[in-house]
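Asker: Could you build the full structure based on these sequences and the hints that come with them?
Protein chains: 2
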Amino acid sequence: MADLMQKVWQDLAPPNRILMGPGPSNVDPRVLRVMTHQPVGHLDPEFLNVMDEVREGLRRLFRTGNGLTFPISGTGSAGMEASLANLIEDGDKVLVFVKGYFGDRIAQMAKRLGAEVVVVEQEWGKAFDPDDACEAIRQHKPKVVAIVHAETSTGVLQPVEEIARCVREVDAILVLDTVTSLGGVPVLVDDWCIDVSYSATQKCVGAPPGLAPVTFNSRAVKFLQMRKSPCKSWYFDALLVKTYWGEDRAYHHTAPINMVFALREALRLIEEEGLENRWERHRVNGQALAAGLEGMGMTLLVSEPEQRLPVLTTVLVPEGVDEAHVRLRLLNEFHLEIGAGLGPLKGKVWRFGLMGYSCQKRNVFLALSALGAILREEGFLCDVESGIAAAQEVYQNFSTVAVEV
Amino acid sequence: MADLMQKVWQDLAPPNRILMGPGPSNVDPRVLRVMTHQPVGHLDPEFLNVMDEVREGLRRLFRTGNGLTFPISGTGSAGMEASLANLIEDGDKVLVFVKGYFGDRIAQMAKRLGAEVVVVEQEWGKAFDPDDACEAIRQHKPKVVAIVHAETSTGVLQPVEEIARCVREVDAILVLDTVTSLGGVPVLVDDWCIDVSYSATQKCVGAPPGLAPVTFNSRAVKFLQMRKSPCKSWYFDALLVKTYWGEDRAYHHTAPINMVFALREALRLIEEEGLENRWERHRVNGQALAAGLEGMGMTLLVSEPEQRLPVLTTVLVPEGVDEAHVRLRLLNEFHLEIGAGLGPLKGKVWRFGLMGYSCQKRNVFLALSALGAILREEGFLCDVESGIAAAQEVYQNFSTVAVEV
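Chains A and B, in that order, are what the protein sequence lines are.
So the first sequence is numbered by the numbering used here: it starts at 147 and just counts up by one.
So the second sequence is numbered by the numbering used here: it starts at 147 and just counts up by one.
Do not take every clue at face value.
Which copy is meant is left open, because identical chains are indistinguishable; a pair holds if it fits in one copy or across any two.
Computed cross-link-like contacts, EDC-like style, restricted to lysine to aspartate or glutamate with a CA-CA straight-line distance of at most 16 Å [as the list claims (entries may be wrong)]:
#: 1; residue 1: Lys257; residue 2: Asp383
#: 2; residue 1: Lys257; residue 2: Asp236
#: 3; residue 1: Lys257; residue 2: Glu235
#: 4; residue 1: Lys239; residue 2: Glu452
#: 5; residue 1: Lys368; residue 2: Asp529
#: 6; residue 1: Lys272; residue 2: Asp190
#: 7; residue 1: Lys287; residue 2: Glu262
#: 8; residue 1: Lys287; residue 2: Asp317
Keep in mind that the hints were calculated from the coordinates and are not lab data.
Computed from a predicted model, the values in this text were never measured in an experiment.
Answerer: Given below as C-alpha cells:
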C-alpha cells in the first residue's frame, strides 16, 4: 500500500536566478555553505557563543548599543508583528504613516491587535514632509508611532530624524520599519533616537529569508515592562524571548539554528566589507541603475531624486507594454527576476531591487541590456545605448568604490 | 574608523554533535545540502512547484486530505500559536489538557489570546484516561479543546481517538499538538478526526528547526470563516496565508525559501523510507533504548509501557548523581547531547530523544555505553553489560526492521 502510494520526487534543482526583485536577494555562497553544518542544540554552549556574535553583529548593523537586539524566529512580517504586538494594548492610540503597501500592512496589524489606529496618508511614490508628519504627531498625541523607512512597494526613502524628535516630544514610542533599508542604506538607530526597529534577513542583510532582526531601546523596554496586560503573542513576547537571547539563556522556543548560522556569516561578511563601504556600494549601483533606466527613456515613479531608495528602483511600465509578459521573458530568457507592482501600482510599475549580494555592477548592466532588448522587441523604442552610457558615467564618477562583492 | 571597529570573526565551526535531546535532531546530509541552492523568489513559478510538493508531502505525513495544509514560517511554538490564534476569539471557552510543560504552554498562549481557559491536569509522566477526558469535555462544553499527543517534557504518548470522538459530540474543535510525534509515531489526522494539528520540522520530520507544519480540516476552516472578529495575528492568519499556499498564489509574506527546500528534501526522504517503516524504526530503537536503560538499573519516568513515547525516553536521575555534570560530560567527552528536565522535572530526569536522522541503532548503543561508563565513574553502579544485552535482545526480535538510516 505504502509502495503503491509512493510518489517519485525528482532531485531538487531550482533555477539559478539573478534576484533583482524586492527580495529575497541572492546570497553569498559562503552564507549558503554554513547552513550545511549539522544543527547543534539551541542551548549548546557553542551555540550560545554564536548567539553572542549575532547579537553583537546586529547591534553594529543597527548602529545601536541596545541590549535587546536579536533575530525574531520568522520572516520580516513577523518582525513587524512582533514589534507591534509587544507595544500595543487594547485601545492604545497608534499613529501609522502610510505611503505604500507596507505602511498599510502596519495599520492592519495594529487594528487586529486592538489598537485605535490613526492613519495619515501620503501619495504612493512620495515621502512624508517631516513638518507635516510632526504636525500630525502633535495633533493626535499617540502612544505609538509607526513609519516605514524604505517603502518596498514604491522605492521611497523616508527621512526620519525630525519625526523621531517629535515622537519624543509627545512621549510616544517610535517603531521604524527597516526591512528594506538595513544593511543597504544608513540606519542609525541610536543617533536618530529610534525606539524600536525591525528588519529582515533576505534583502540588504545578505542571508536567506527566515529571520527578522529587531532592536528595542531602554525606553521601549521600560514601556514593555509597564504594560497592564501581557503581550497577546507568547511567541513574539520580547520580554520572554529576552530570557533566551539575553543573559539567562533560559529555554523559550527552539531557534532556527541553521538560519542563525547563515545570519552570522552574513554579518561577518558585512564586517569584512565595512558597513559604510556597503552603503556606498548600494548607493552607486542604485544611482547607476536609475540613470540607466532614465537614459533609456523610462520614467521613475519617485520624482524627487533625494527620496529615491538606491536599493529599490521603481519604474513606470511604458504605455502599451504588457508588464507581466516582459517580467516572464526576463525570467525565462535571462533567469532574471524583477518585481511587479503591489496594490494600486499593480500592473503599472516594475520594481528593481539591488540588495545585498544582488547589488553588483554586473547585475545593473544585465538588467539594463536585457530589459532594453526585450522592450524593443515588444515595440517600445528605448534607447539602450544611452541607458548603458548613463549608467557607466555614474560608475566613472565613483571609480574608487567597490561595486562588486 | 570602520577598520578600527572591525571585529575579526572566526570561521563558523560548530561541533558535530549527536543530538539525542528533545530536538533539534540530526539532519540527513542530503537535507542540509539542498539548503545551499540560491534562493528563488517566493512567487517564482519553480518555487510554486516546490510548494505543491511540500503541501502534498505534508498531507501524506499527516495522513490527511486537508486542503489547508502548509508550513507556518516559524518554529514549533509558532505552529502552536498560529493554531490557537486562528481559533480563539475573546471570551471563548478553551479546554486544555495539561500533563506536562507543553500543555501548560498551550494554556498560557490561549489566555493571552483572550480565551476563558479551563485547565484539566494530569500527573506529569501519565497520559489522560480517555474516559476522564471525555467527562471533562462533556462537563465544560468548550468551543476548542487542545491536547498534546506526544508530551516532549515527559515522554508520554496520549491516546486521542476516543477524545476526538467526544469533542465532536459537543461540536467543539480539537487541536492536537504533534510537535514530537509527527513522522516518528502514527499520526492519523483524518482517521482520528483531528480538526487542527501543528508540528515542527526539527524532531521526527528530519529537517532543521524553522518551520511548523499545520493542517486544518474543513470543519476548522468553516470555524475560521465564521469568526466574528479577525484573527489577532496577521502573520499567522490561516485564511490569509491560504491565499499564498493555496490556489491564488497571492503574496502574503516571504516564505523562508531555503528552509522550504530543506523540508521538501526531508519529506522526500520520508517517502523513500516509507512512513510505516519510519514509525517502525522509531518504535524499535525507542524500545531498545528503554530496555537498555532499565537493564542498566535505571527507572523510566513513564511507568505504563504502552504510554511510553518511543521517540523520547525520560529516565530518573539516580539519587546522588549531579545531572548537569553528567550531561556536560556526555557533551564534552562524546559530543552527545541529551536533554534536561523542564519545570517540576528540572534536575530530576534526563530526556533521550531518538528522532528522525538521530534515531539509529548506533546512537542507542553509544548512549547506553557512554552514559553507563560515566555513571560508573560518578559512583552509580549501573550494570552496563545487562543494559547492552537488553537492548540487543530487542533488536533480535525485530531483525528484519531497518534501524539505521
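Asker: Each hint should be assessed against the structure and marked as holding or not.
Answerer: How the hints compare with the structure:
1. Lys257 - Asp383: between (18 Å within a copy, 14 Å between copies)
2. Lys257 - Asp236: both (9 Å within a copy, 15 Å between copies)
3. Lys257 - Glu235: Answer is both: 11 Å inside a copy and 15 Å across each meet the 16 Å cutoff.
4. Lys239 - Glu452: For Lys239 and Glu452, the Cα distance exceeds 16 Å both inside one copy (32 Å) and across copies (54 Å).
5. Lys368 - Asp529: Result: close neither inside a copy nor across copies, 57 Å intra and 55 Å inter.
6. Lys272 - Asp190: neither (48 Å within a copy, 29 Å between copies)
7. Lys287 - Glu262: Close inside one copy (12 Å), not across copies (34 Å); limit 16 Å.
8. Lys287 - Asp317: Within one copy, since 8 Å is at most 16 Å while 46 Å is not.
In the structure shown, a violation is registered for the earlier hints numbered 4, 5, 6, in ascending order.
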